[in-house]
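A.B. asks: The primary structure of each chain is shown beneath.
2 protein chains.
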Amino acid sequence: MARIVALEAGDIRFPTSRELIGSDAMNHDPDYSAVYVTLRSDAPSGLAGHALVFTIGRGNEVQAAAVRALSDLVVDREVDAVLGDLGTFARDLTGDSQLRWLGPEKGVMHMAIGGVVNAAWDMAARHAGQPLWRFIAALPPEAIVAAIDFRYLTDALTPDEALAILRRAQPGRAARVAELSRCGYPAYTTSPGWLGYSDGKLEALVRQAATDGFRTLKLKVGADLAEDVRRMRIARAAAGAGVAIAVDANQRWDVGEAIGWIRALAPFQPAWVEEPTNPDDVLGHVAIRAAVAPVPISSGEHTHNRVMFKQLLQAHAVDLLQIDAARVGGVNENLAILLLAAKFGVRVFPHAGGVGLCEMVQHLAMADFVAISGSMEDRAIEYVNHLHEHFSDPVRIRDGRYLAPAAPGFSTEMREASLREFAWPDGPAWH
Amino acid sequence: MARIVALEAGDIRFPTSRELIGSDAMNHDPDYSAVYVTLRSDAPSGLAGHALVFTIGRGNEVQAAAVRALSDLVVDREVDAVLGDLGTFARDLTGDSQLRWLGPEKGVMHMAIGGVVNAAWDMAARHAGQPLWRFIAALPPEAIVAAIDFRYLTDALTPDEALAILRRAQPGRAARVAELSRCGYPAYTTSPGWLGYSDGKLEALVRQAATDGFRTLKLKVGADLAEDVRRMRIARAAAGAGVAIAVDANQRWDVGEAIGWIRALAPFQPAWVEEPTNPDDVLGHVAIRAAVAPVPISSGEHTHNRVMFKQLLQAHAVDLLQIDAARVGGVNENLAILLLAAKFGVRVFPHAGGVGLCEMVQHLAMADFVAISGSMEDRAIEYVNHLHEHFSDPVRIRDGRYLAPAAPGFSTEMREASLREFAWPDGPAWH
Numbered sequence: 001m002a003r004i005v006a007l008e009a010g011d012i013r014f015p016t017s018r019e020l021i022g023s024d025a026m027n028h029d030p031d032y033s034a035v036y037v038t039l040r041s042d043a044p045s046g047l048a049g050h051a052l053v054f055t056i057g058r059g060n061e062v063q064a065a066a067v068r069a070l071s072d073l074v075v076d077r078e079v080d081a082v083l084g085d086l087g088t089f090a091r092d093l094t095g096d097s098q099l100r101w102l103g104p105e106k107g108v109m110h111m112a113i114g115g116v117v118n119a120a121w122d123m124a125a126r127h128a129g130q131p132l133w134r135f136i137a138a139l140p141p142e143a144i145v146a147a148i149d150f151r152y153l154t155d156a157l158t159p160d161e162a163l164a165i166l167r168r169a170q171p172g173r174a175a176r177v178a179e180l181s182r183c184g185y186p187a188y189t190t191s192p193g194w195l196g197y198s199d200g201k202l203e204a205l206v207r208q209a210a211t212d213g214f215r216t217l218k219l220k221v222g223a224d225l226a227e228d229v230r231r232m233r234i235a236r237a238a239a240g241a242g243v244a245i246a247v248d249a250n251q252r253w254d255v256g257e258a259i260g261w262i263r264a265l266a267p268f269q270p271a272w273v274e275e276p277t278n279p280d281d282v283l284g285h286v287a288i289r290a291a292v293a294p295v296p297i298s299s300g301e302h303t304h305n306r307v308m309f310k311q312l313l314q315a316h317a318v319d320l321l322q323i324d325a326a327r328v329g330g331v332n333e334n335l336a337i338l339l340l341a342a343k344f345g346v347r348v349f350p351h352a353g354g355v356g357l358c359e360m361v362q363h364l365a366m367a368d369f370v371a372i373s374g375s376m377e378d379r380a381i382e383y384v385n386h387l388h389e390h391f392s393d394p395v396r397i398r399d400g401r402y403l404a405p406a407a408p409g410f411s412t413e414m415r416e417a418s419l420r421e422f423a424w425p426d427g428p429a430w431h
Numbered sequence: 432m433a434r435i436v437a438l439e440a441g442d443i444r445f446p447t448s449r450e451l452i453g454s455d456a457m458n459h460d461p462d463y464s465a466v467y468v469t470l471r472s473d474a475p476s477g478l479a480g481h482a483l484v485f486t487i488g489r490g491n492e493v494q495a496a497a498v499r500a501l502s503d504l505v506v507d508r509e510v511d512a513v514l515g516d517l518g519t520f521a522r523d524l525t526g527d528s529q530l531r532w533l534g535p536e537k538g539v540m541h542m543a544i545g546g547v548v549n550a551a552w553d554m555a556a557r558h559a560g561q562p563l564w565r566f567i568a569a570l571p572p573e574a575i576v577a578a579i580d581f582r583y584l585t586d587a588l589t590p591d592e593a594l595a596i597l598r599r600a601q602p603g604r605a606a607r608v609a610e611l612s613r614c615g616y617p618a619y620t621t622s623p624g625w626l627g628y629s630d631g632k633l634e635a636l637v638r639q640a641a642t643d644g645f646r647t648l649k650l651k652v653g654a655d656l657a658e659d660v661r662r663m664r665i666a667r668a669a670a671g672a673g674v675a676i677a678v679d680a681n682q683r684w685d686v687g688e689a690i691g692w693i694r695a696l697a698p699f700q701p702a703w704v705e706e707p708t709n710p711d712d713v714l715g716h717v718a719i720r721a722a723v724a725p726v727p728i729s730s731g732e733h734t735h736n737r738v739m740f741k742q743l744l745q746a747h748a749v750d751l752l753q754i755d756a757a758r759v760g761g762v763n764e765n766l767a768i769l770l771l772a773a774k775f776g777v778r779v780f781p782h783a784g785g786v787g788l789c790e791m792v793q794h795l796a797m798a799d800f801v802a803i804s805g806s807m808e809d810r811a812i813e814y815v816n817h818l819h820e821h822f823s824d825p826v827r828i829r830d831g832r833y834l835a836p837a838a839p840g841f842s843t844e845m846r847e848a849s850l851r852e853f854a855w856p857d858g859p860a861w862h
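So the protein sequences, as listed, match chains P and Y. Under our numbering, the first residue of the first sequence carries the number 1, and numbering increases by one thereafter. Under our numbering, the first residue of the second sequence carries the number 432, and numbering increases by one thereafter.
Honestly, the hints are just simulated from the structure, not real lab data. We put the CB at the ideal spot given by N, CA and C, even for glycine. Accuracy of the hints is not assured; some may be wrong.
[Claimed, not checked] Here are some chain P residues the structure puts well away from chain Y; computed CB gaps all over 12 Å:
1. G10
2. A204
3. L225
[Said to hold, decoys possible] Interface residues of chain Y toward chain P, partial, derived using beta-carbon atoms under 8 Å:
4. P461
5. S502
6. V505
7. D507
8. W532
9. L533
10. G538
11. H558
12. Q561
13. D580
14. R582
15. H735
16. N736
17. M739
18. G776
19. R778
[As the list claims (entries may be wrong)] So the derived label-pair ranges between C-beta atoms look like this:
20. Y/G687 to P/G240: 50 to 56 Å
21. P/G129 to Y/A695: 38 to 44 Å
22. P/T158 to Y/A577: 46 to 52 Å
23. P/G345 to Y/G631: 53 to 59 Å
24. P/G196 to Y/E573: 45 to 51 Å
25. Y/E509 to P/P267: 26 to 32 Å
26. Y/G687 to P/E78: 52 to 58 Å
27. Y/G687 to P/A143: 22 to 28 Å
Hey, can you work out the whole structure from these sequences and the hints?
C.D. replies: Take a look at the structure:
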């Protein structure tokens, strides 16, 4: 009877700010970082589970402390009990009556829970010998519903409604697994669009992205309107017909300011405008969306739990949703969010980039295609081309599409050499 | 030229769960705890500032790590620069581009910022030789506006509107300071109403509260409807005419469940129903309030920042608001919230209890009375009668009213003996 014997939280940081990778209107100098979460078991096979909680540098040690605070709730559990009921496992973590005060279900503590829950799903998929997306897609609808915490959701989505959505998708599952294995899932790229890049670099990267087969790319905006118009013009000309351009303001604007700015960018027909204002401001998004229609509005990368996603959908605050693999309470909560999106008929464009986010979120998008929404039409997963070399099973992109992962697990295992090199503060990269 | 030389974060925990103090429908066994924040200066006077970030036990060490993560942003600043521009000081902390990822402006990281900002206000009031409420109430309206971060607020409250509210209150300031110094501010008590208490203890405590002069008291509800009806009946009979009874569900219900439960309690005419559902669920509160009108609905104790408070008010989601001194980003953000409440004409009933919350929030309510709303009619500050003995300037209650603090500062300094006794994990109380 194997047990969980350790919960480890490694502090891993990459000095990305040295090259302005990831610079946007709110995040000037991110050092992409992560708490590397490992659940170890005493199973003879050496079974373990991994996940990353992504941060952008300072404070990663706080995030690591939050993961460690969960040890007593995790260590000594039987592996079979955890993997056999991941719904109860997640609810035991979010429901701890003392830790709950530190959220509830938001910020550092909730991201820590998400990391531990994601590591348990990685362990479950490895144990089953399947990539996570296939592991989820093979679960009976009842098992997916059992993994979800419907508390605070039932005014928008009941377990029965969720079950009906999952059952509707069931007949086509096998065909969609085959389709994904053959063609992958569309990607869009943000690599050309960071604010810190020169015009020449922007233009060259946009051309390259179009050549590489991306049908959508994204520019960061929000620091300076005249600059944004100029950069949008350069990108629009370089991208060529058939390539859509989205823009991302990273929460820069107040509601009134967002409306003016988006109207000025509207002639370039952005595919969507992402995070126009504070991620908590559901009603602000409603006001912005109404004022700039038909420009599509999106949010979700910083939306901290299913209750906030529920409201974005109930209020028709967004045209599209981003989900993030490392912001909410793990796979379970993302399944709830994907089911809510399916219920409200809103398309999901998963957020990725950083470190490990592409590796993780591809599984969620693919599981959604197979078992929930049944569609990848007019959808795409964000892609940014850095830091993948640190993973033992990195994402593979071909012709602007994510190829379906084939190795068991959540693609979250990092290479030992990278863990050593970028350990903070003592790894060689930080000397 | 004095400088800040240290930011300290002490882990202080009280074993309150041994007596079921603080037990409610979601928090079964809190061990009231706090990170005790101290800003030290090298001023010859020994000037320092203190504040508490309240938690309920496990995870207090994560909260302490978050406070320490702010050290580099605080230590070495000139004391005069900090105290002379507390608005910039607070914005420098919330705006740190890397730490911001861990919120933004929510959860552990935001509570840590609130603690450091509150310690700076304590320092400022001590430096001025005034209790904080009088220090704030003596600031020019322009200085109060300058302390506030209006980012994301301007669609609901502009700096000019805030200034107009403050100027309207200005002529009566001196009279209201005198009134507070003479009569204090109304309190209501939650001491009788914890879920873990027997019927006999409930009845005796309710009678005692009425005898002690409290005009409002509050019962915890939400675990069992038949029990709640029975306890409400006992309390209603024991309280006597002229004493109102509020109830607090501590986020226990889904929207539909809340509506049914509140309708069953409505015959007892609760003064308000607090936290009927998840604190993030603005639209849920709107639905509940509409369905149970005219029963007053309230929330706010867990509302994590001004953007959420803004929406509660814009959507008319609540009849009353709770504020909390240790949940949001400190005095500055609470001033924004009090101004929003004044703009929307919603009364504020500050949340307190725990450890240090009564000591802190009384200053905010009194500053509001003097300089913002100008009213304490049909308002009251929560009061719970425990753990005050650990403070060097504890709250004083007489005839159901908070007496106005007279000692300089934010009433946040704890006794050295208490800090030693309840230090976690090595203090004598934990052996």
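A.B. asks: Against each hint, give a clear statement of whether it holds in the structure.
C.D. replies: Against the structure, the hints come out as follows:
1. Non-interface status of P/G10 relative to chain Y is upheld: no Cβ of that chain comes within 12 Å, the nearest being about 16 Å off.
2. No Cβ of chain Y comes within 12 Å of the Cβ of P/A204; the nearest lies about 27 Å off, and the non-interface call holds.
3. Non-interface status of P/L225 relative to chain Y is upheld: no Cβ of that chain comes within 12 Å, the nearest being about 17 Å off.
4. The criterion of a C-beta within 8 Å of any C-beta in chain P is met by Y/P461, whose closest approach is roughly 7 Å, and the hint holds.
5. Hint status for Y/S502 relative to chain P: violated, with the closest Cβ pair at about 11 Å, above 8 Å.
6. Given hint, Y/V505 at the interface with chain P, is violated; its Cβ is 13 Å from that chain's nearest Cβ, farther than 8 Å.
7. Residue-level restraint check for Y/D507 is violated (minimum Cβ-Cβ distance to chain P is 16 Å; threshold 8 Å).
8. For Y/W532, the interface hint holds, the least distance from its beta-carbon to any beta-carbon of chain P being 5 Å, beneath 8 Å.
9. For Y/L533, the shortest C-beta to C-beta distance to chain P is roughly 5 Å, which falls under 8 Å, so the interface hint holds.
10. Interface hint at Y/G538: satisfied, since its Cβ lies 2 Å from the closest Cβ of chain P, which is below the 8 Å cut-off.
11. Nearest Cβ of chain P to the Cβ of Y/H558: about 29 Å, over the 8 Å cut. The hint is violated.
12. Among the interface hints, the one on Y/Q561 is violated; its C-beta lies about 32 Å from the nearest C-beta in chain P, farther than the 8 Å criterion.
13. This hint is violated: Y/D580 has a C-beta 11 Å from the nearest C-beta of chain P, more than the 8 Å allowed.
14. This hint holds: Y/R582 has a C-beta 7 Å from the nearest C-beta of chain P, less than the 8 Å allowed.
15. The criterion of a C-beta within 8 Å of any C-beta in chain P is met by Y/H735, whose closest approach is roughly 7 Å, and the hint holds.
16. Annotation: Y/N736 was flagged as interfacial toward chain P, and the flag holds, the nearest CB pair being 7 Å apart, inside 8 Å.
17. Given hint, Y/M739 at the interface with chain P, holds; its Cβ is 6 Å from that chain's nearest Cβ, closer than 8 Å.
18. Hint status for Y/G776: violated, given a least beta-carbon distance of 18 Å to chain P, over 8 Å.
19. Because the closest C-beta pair between Y/R778 and chain P is about 22 Å apart, greater than 8 Å, the hint is violated.
20. Evaluation of the 50 to 56 Å hint for Y/G687 and P/G240 yields a pass: the beta carbon distance comes to about 52 Å.
21. As the Cβ distance of P/G129 to Y/A695 is approximately 52 Å, the hint placing it in 38 to 44 Å is violated.
22. Between P/T158 and Y/A577, the C-beta spacing of about 49 Å keeps the proposed range 46 to 52 Å intact.
23. Distance hint for P/G345 and Y/G631: a CB-CB separation of about 56 Å, consistent with the stated range 53 to 59 Å.
24. Between P/G196 and Y/E573, the C-beta spacing of about 37 Å breaks the proposed range 45 to 51 Å.
25. At roughly 48 Å, the beta carbons of Y/E509 and P/P267 sit outside the given window of 26 to 32 Å.
26. Roughly 36 Å separates the CB atoms of Y/G687 and P/E78, a value that falls outside the hinted 52 to 58 Å.
27. For the hinted restraint 22 to 28 Å between Y/G687 and P/A143, the CB-CB distance of approximately 25 Å keeps it satisfied.
Checked against the numbered hints given earlier, this structure breaks hints 5, 6, 7, 11, 12, 13, 18, 19, 21, 24, 25, 26; the rest are met.
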